[in-house]
Amino acid sequence: MFKLAAVGDKDSVYGYASLGVSIFPVDTPAEAIPLLRHLAENGYGVIYITEQLAEEMQEELERYASLPLPAIVPVPGVRGNTGLGLANVSRFVEKAVGSDILS
Amino acid sequence: MAVLNVNPTRMELTNLKRKLVTARRGHKLLKDKRDELMRRFLDLVRENKALRVEVEDGIRRANEAMSVARCVMSDKSLDVALMLPTQEMQLEVSEQNIMSVMIPVFDVRFKTADANDIYSYGFGETSGDLDLAVRALSEIMPKMIRLAEVEKSCRLMADEIEKTRRRVNALEHVMIPQYEETIKFITMKLDENERSTTTRLMKVKDMMLKEAHHYQ
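These protein sequences, in sequence, are chains A and B.
Be aware that the first sequence starts at 190, since it is given in the working numbering, and climbs by one per residue.
Be aware that the second sequence starts at -17, since it is given in the working numbering, and climbs by one per residue.
These are computed hints drawn from the structure, not numbers from a lab.
Even for Gly, the Cβ is constructed at its ideal location relative to N, Cα and C.
Hints are supplied without guarantee of correctness; some may be wrong.
To be verified - Covered by chain A, according to a simulated footprint, are these stretches of chain B (three or more residues, beta-carbon under 8 Å):
{"id": "1", "stretch": "-15 to -3"}
{"id": "2", "stretch": "27 to 33"}
{"id": "3", "stretch": "124 to 133"}
{"id": "4", "stretch": "163 to 172"}
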């Protein structure tokens, strides 16, 4: 059985608590990186992370990219949408096809 | 294209011919794999994109309501309201094999079956905007889980497609031409040897005849 987690600034992740997602309010990549490692090793299957935070720690997220679990999904936080999520989708297409044919 | 560094012998020739057949078969199989992966990937990535747009929109709506709730409620009362969630979500994860790429399949289990268990607080002391925020999030949650699944699959498949494409190209543009050229080289060399043996034999025969019968 795997659990779900939401990582990001407090305002962005608070709402998820009521749905039964474990929330971990952190503000900086320095806090988030060890936290992610901890979560990945302790049975969290899906980790939602705010785009603001994800943007600052792309390299760390790359570590989990080729593993089947956990799935780390950047979602927009309260401070608005940075477009990172959609940019990621375009990156997949570019990687697989050679150019972004969907945009 | 460079010829492989091998001895031009019949044994090498047979070996090379066998290798060429294997390389051609491998090339065909890998090409089929790449095409099928690509087809699935494109379906998946389109779904990914659509889901992303929907989820981001849903989260934006939830965040709007949440911001209002934060403004009208004190930090403390919000903390208290969301401190002890009654609902708990757990994931059953299984794996699906698509063209030898293992992709995760998520199946959500809720601790309690009642859909209203997402409201873990009394309605008396909280703002209605908090209810809206929580409801908006819970509405988008199934899509968010599907998004996690699809996005992970896309990522894994993109990696695999890239790898397969490299292999296909290496076989098509390097290995197979190399084998073909080497086979051609050995065949020519062997033919040449045969011709030179024939001429030598004819020459020897001439010399022997000359000696035996004093032919001119």
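Worksheet item: Checking C-beta pairs, does the stretch 163 to 172 of chain B have three or more residues closer than 8 Å to chain A?
Response: violated (count 0)
Worksheet item: Do three or more residues of the stretch -15 to -3 of chain B come closer than 8 Å to chain A, measuring C-beta to C-beta?
Response: violated (count 0)
Discussion item. Tell me whether the statement that chain A covers the stretch 124 to 133 of chain B is true, taking a Cβ distance below 8 Å and needing three residues at minimum.
Written reply: This one holds; 6 residues, not fewer than the three required, reach chain A with a Cβ under 8 Å.
Worksheet item: Can the stretch 27 to 33 of chain B be counted as covered by chain A under the rule of three residues or more with Cβ-Cβ separation shorter than 8 Å?
Response: holds (count 4)
Violated hints, in rising order: 1, 4; the structure is consistent with all others.
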